[in-house]
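Visitor: As you go down the protein sequences, you meet chains A and B in turn.
Counting in this note's numbering, the first sequence runs from 287 upward without gaps.
Counting in this note's numbering, the second sequence runs from 287 upward without gaps.
Just so you know, the hints here were simulated from the structure itself, not pulled from any lab data.
Any given hint could be a false lead.
Which copy is meant is left open, so a pair is good if it fits within one copy or across any two.
Below 20 Å or equal to it, Euclidean Cα-Cα: the simulated DMTMM-like pairs (lysine to aspartate or glutamate) are [what the hints assert, rightly or not]:
#1 Lys-298 - Glu-662
#2 Lys-319 - Asp-609
#3 Lys-660 - Asp-585
#4 Lys-319 - Asp-421
#5 Lys-380 - Asp-629
#6 Lys-319 - Glu-652
#7 Lys-298 - Glu-458
#8 Lys-630 - Asp-416
#9 Lys-319 - Asp-555
#10 Lys-660 - Glu-580
#11 Lys-319 - Glu-463
#12 Lys-630 - Glu-352
#13 Lys-630 - Glu-383
#14 Lys-321 - Asp-421
#15 Lys-298 - Glu-463
Number of protein chains: 2
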Amino acid sequence: MAAHPVSPLAPKSYPDLPPIAGVRFATAEAGIKYKNRTDVLLMAFDEGTVAAGVLTRSATSSAAVELCRENLPGGVARGLVVNSGNSNAFTGQKGRESVRYITRVAAQALGCAPSEVFIAQTGVIGELIDASKFDGKLDEAATRLVDAPWIEPARAIMTTDTFPKLSGAVLEIDGVEVKINGIAKGSGMIAPDMATMLSFVVTDMPIAAPVLQALLSQHVQTTFNAITVDSDTSTSDTLLAFATGKAPVDAINSLDDPRAEIFGAALADVLFELAILTVRDGEGATKQVSIHVEGATTDASAFRIAKAIADSPLVKTAIAGEDANWGRVVMAVGKAGEPADRDKLSIRFGDLVVARNGERAQGYDEAATSAYMKGEELEVTVELGLGSGQATVYTCDLTHGYITINGDYRS
Amino acid sequence: MAAHPVSPLAPKSYPDLPPIAGVRFATAEAGIKYKNRTDVLLMAFDEGTVAAGVLTRSATSSAAVELCRENLPGGVARGLVVNSGNSNAFTGQKGRESVRYITRVAAQALGCAPSEVFIAQTGVIGELIDASKFDGKLDEAATRLVDAPWIEPARAIMTTDTFPKLSGAVLEIDGVEVKINGIAKGSGMIAPDMATMLSFVVTDMPIAAPVLQALLSQHVQTTFNAITVDSDTSTSDTLLAFATGKAPVDAINSLDDPRAEIFGAALADVLFELAILTVRDGEGATKQVSIHVEGATTDASAFRIAKAIADSPLVKTAIAGEDANWGRVVMAVGKAGEPADRDKLSIRFGDLVVARNGERAQGYDEAATSAYMKGEELEVTVELGLGSGQATVYTCDLTHGYITINGDYRS
Numbered sequence: 287m288a289a290h291p292v293s294p295l296a297p298k299s300y301p302d303l304p305p306i307a308g309v310r311f312a313t314a315e316a317g318i319k320y321k322n323r324t325d326v327l328l329m330a331f332d333e334g335t336v337a338a339g340v341l342t343r344s345a346t347s348s349a350a351v352e353l354c355r356e357n358l359p360g361g362v363a364r365g366l367v368v369n370s371g372n373s374n375a376f377t378g379q380k381g382r383e384s385v386r387y388i389t390r391v392a393a394q395a396l397g398c399a400p401s402e403v404f405i406a407q408t409g410v411i412g413e414l415i416d417a418s419k420f421d422g423k424l425d426e427a428a429t430r431l432v433d434a435p436w437i438e439p440a441r442a443i444m445t446t447d448t449f450p451k452l453s454g455a456v457l458e459i460d461g462v463e464v465k466i467n468g469i470a471k472g473s474g475m476i477a478p479d480m481a482t483m484l485s486f487v488v489t490d491m492p493i494a495a496p497v498l499q500a501l502l503s504q505h506v507q508t509t510f511n512a513i514t515v516d517s518d519t520s521t522s523d524t525l526l527a528f529a530t531g532k533a534p535v536d537a538i539n540s541l542d543d544p545r546a547e548i549f550g551a552a553l554a555d556v557l558f559e560l561a562i563l564t565v566r567d568g569e570g571a572t573k574q575v576s577i578h579v580e581g582a583t584t585d586a587s588a589f590r591i592a593k594a595i596a597d598s599p600l601v602k603t604a605i606a607g608e609d610a611n612w613g614r615v616v617m618a619v620g621k622a623g624e625p626a627d628r629d630k631l632s633i634r635f636g637d638l639v640v641a642r643n644g645e646r647a648q649g650y651d652e653a654a655t656s657a658y659m660k661g662e663e664l665e666v667t668v669e670l671g672l673g674s675g676q677a678t679v680y681t682c683d684l685t686h687g688y689i690t691i692n693g694d695y696r697s
Numbered sequence: 287m288a289a290h291p292v293s294p295l296a297p298k299s300y301p302d303l304p305p306i307a308g309v310r311f312a313t314a315e316a317g318i319k320y321k322n323r324t325d326v327l328l329m330a331f332d333e334g335t336v337a338a339g340v341l342t343r344s345a346t347s348s349a350a351v352e353l354c355r356e357n358l359p360g361g362v363a364r365g366l367v368v369n370s371g372n373s374n375a376f377t378g379q380k381g382r383e384s385v386r387y388i389t390r391v392a393a394q395a396l397g398c399a400p401s402e403v404f405i406a407q408t409g410v411i412g413e414l415i416d417a418s419k420f421d422g423k424l425d426e427a428a429t430r431l432v433d434a435p436w437i438e439p440a441r442a443i444m445t446t447d448t449f450p451k452l453s454g455a456v457l458e459i460d461g462v463e464v465k466i467n468g469i470a471k472g473s474g475m476i477a478p479d480m481a482t483m484l485s486f487v488v489t490d491m492p493i494a495a496p497v498l499q500a501l502l503s504q505h506v507q508t509t510f511n512a513i514t515v516d517s518d519t520s521t522s523d524t525l526l527a528f529a530t531g532k533a534p535v536d537a538i539n540s541l542d543d544p545r546a547e548i549f550g551a552a553l554a555d556v557l558f559e560l561a562i563l564t565v566r567d568g569e570g571a572t573k574q575v576s577i578h579v580e581g582a583t584t585d586a587s588a589f590r591i592a593k594a595i596a597d598s599p600l601v602k603t604a605i606a607g608e609d610a611n612w613g614r615v616v617m618a619v620g621k622a623g624e625p626a627d628r629d630k631l632s633i634r635f636g637d638l639v640v641a642r643n644g645e646r647a648q649g650y651d652e653a654a655t656s657a658y659m660k661g662e663e664l665e666v667t668v669e670l671g672l673g674s675g676q677a678t679v680y681t682c683d684l685t686h687g688y689i690t691i692n693g694d695y696r697s
């Protein structure tokens, strides 16, 4: 399926997510760009399903993103159609018409209103999608709707991803089992401004759309919004959450309901796992890296510094080379444009203190640090010594693989 | 000299810059990091030489930058000492002491006050320089001071540069020949916040220090501040200009002197050529790229959008792959956080219109565009259609060479 070697950070196995009452799906091969693989996902939601979403803030967002933005205030969902291979972004009026056409075809296949259908598209930018490829495909897919296995939709939405990304949580609320299933795709153009390229989460929890939206907006900050592969923000970033409400439990209708926090925590776990999987399938990635910044003047300042480190090509190439080049971390702190005092700065790689108070740490152990850098999961901690602001950003290294994948993507 | 293959964008020959009255120099091998090459430059200025400079705004700037910041207000220079191989940045109190030690050794060798000596250091961050390596070296160098050839100082300051960078201008002021010679080094960690890693410009023009400073600060904006190799801003960025005043012509003592503009234009030419040479020796570069943004709401907004495009790894890898992937340019415009209207956006590669009014241009010629991408110097123009703001940023592509150089720099 993947044109590139599978990421060395791929999980050894995938979770077998359980069916969720109220949602069924089918995938299809529409030949939009890829051959001999599924590239279309159709999801059908039972009546009563509510929707929430977080969309890219890109000033050049895609037609599909625009349509989601239009439909989200309705808060109601009956269908979702997703295709990989063409993002249909920057395709003007014709792009908008093609998106409307596809959602009409989907609505017809599912027997619902077009305004109840959400759409997400991913792939090359600037090429008008051939909407006629959906003719018949969605009708036919609608005859094959099933509630498992979830790996099929996860596969259908992949582009340069080298493995499907799934995460699920089962929690107990009022003694009733409630499920949350999520899928996502990466794996380049990843610096979400509030969502990764595409991710879809479905739960059977009865929950009001505004509450679901609030929880989603809250937890995206420390999950999808805290990852970066290459600092490039997509035109198509879309995170949608759907709640079918089929679990036999009272609905959460307010954030003040104490169950909102419990449900939110489980939702955050799913989002976090999907976000980390996205980083671990970052184009060319061989290392997963967590950048912790502590002691900043504010959390927002800590986040911007962590992002500057995580986005620095020099930091990322050093990590790829298993080089404990903490001087480049110093550089990235310096360029972030945030308050920092060089002479209060300390840096740890894992538990190893490499720099303290503005210079190489006493007892710095090059051999131990080099050994640490050979690991697959690395932690870099920067202590600014200015205040109590903190943040964590998750990223991967920058390797020859990234250049190979992106120097020849369209052809 | 260079550990990496010479950039394919290296000039075929180097200018033979003329001697400038009032400045002499010598280079030496101090073995700071490199073997069998010069790594120290000592410049001696005659009495009456004034200095101006622009230094990094990094919050973690080096000890050498701090010392220049201290000495610049004096406006007087008698000496400059530069070393490659170790930037002595983030080395704490001991780093500051080493810088003071080296400038004292230089002052003694030149017979001047330490406050009249400027220093610049470049190379690895976080390793304390062994200041004793300068003992005797500078004394000995001071016995060999010459006024040519200028390629020697240009070579001594190189780090990962694959070619020396020189530029000169000879202009006539009041019927008198006035000279400006400049040298620079790159070639990674290049996203100057007001200067590239290191650049030194010397003129024999009599000019007051504040005027020289004003002209330097003005012209750095469209030259060194308009280039980026990898978005990473150095801790050591230093641009210094020295005016020996030896040309037999009345001094420029005010910006209102009409000759300030004439001299400034020649200075800008020298800075621009050095900046472009720095881009052309960007680590791993195989293409020189100019990003023009027009029709923005303001010049500053145009600059930020041009910078976002020039720093985008996806744009840079597409260019490396000779792929006319203008969709990634759209993406970068979208992520810049500046006013942009997708449906007014037009993009040209060279003279070829690839996108107009938010979609692929009518008559887009894939074959012609692909042929254009094979060129060594590329121009990307983005027309936003919002106002009259414009800016140009100069960059290079992102290739396997960059990864190779930076994945294994310290070892």
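Visitor: Which numbered hints does this structure break?
Guide: 3, 7, 8, 9, 10, 11 and 15
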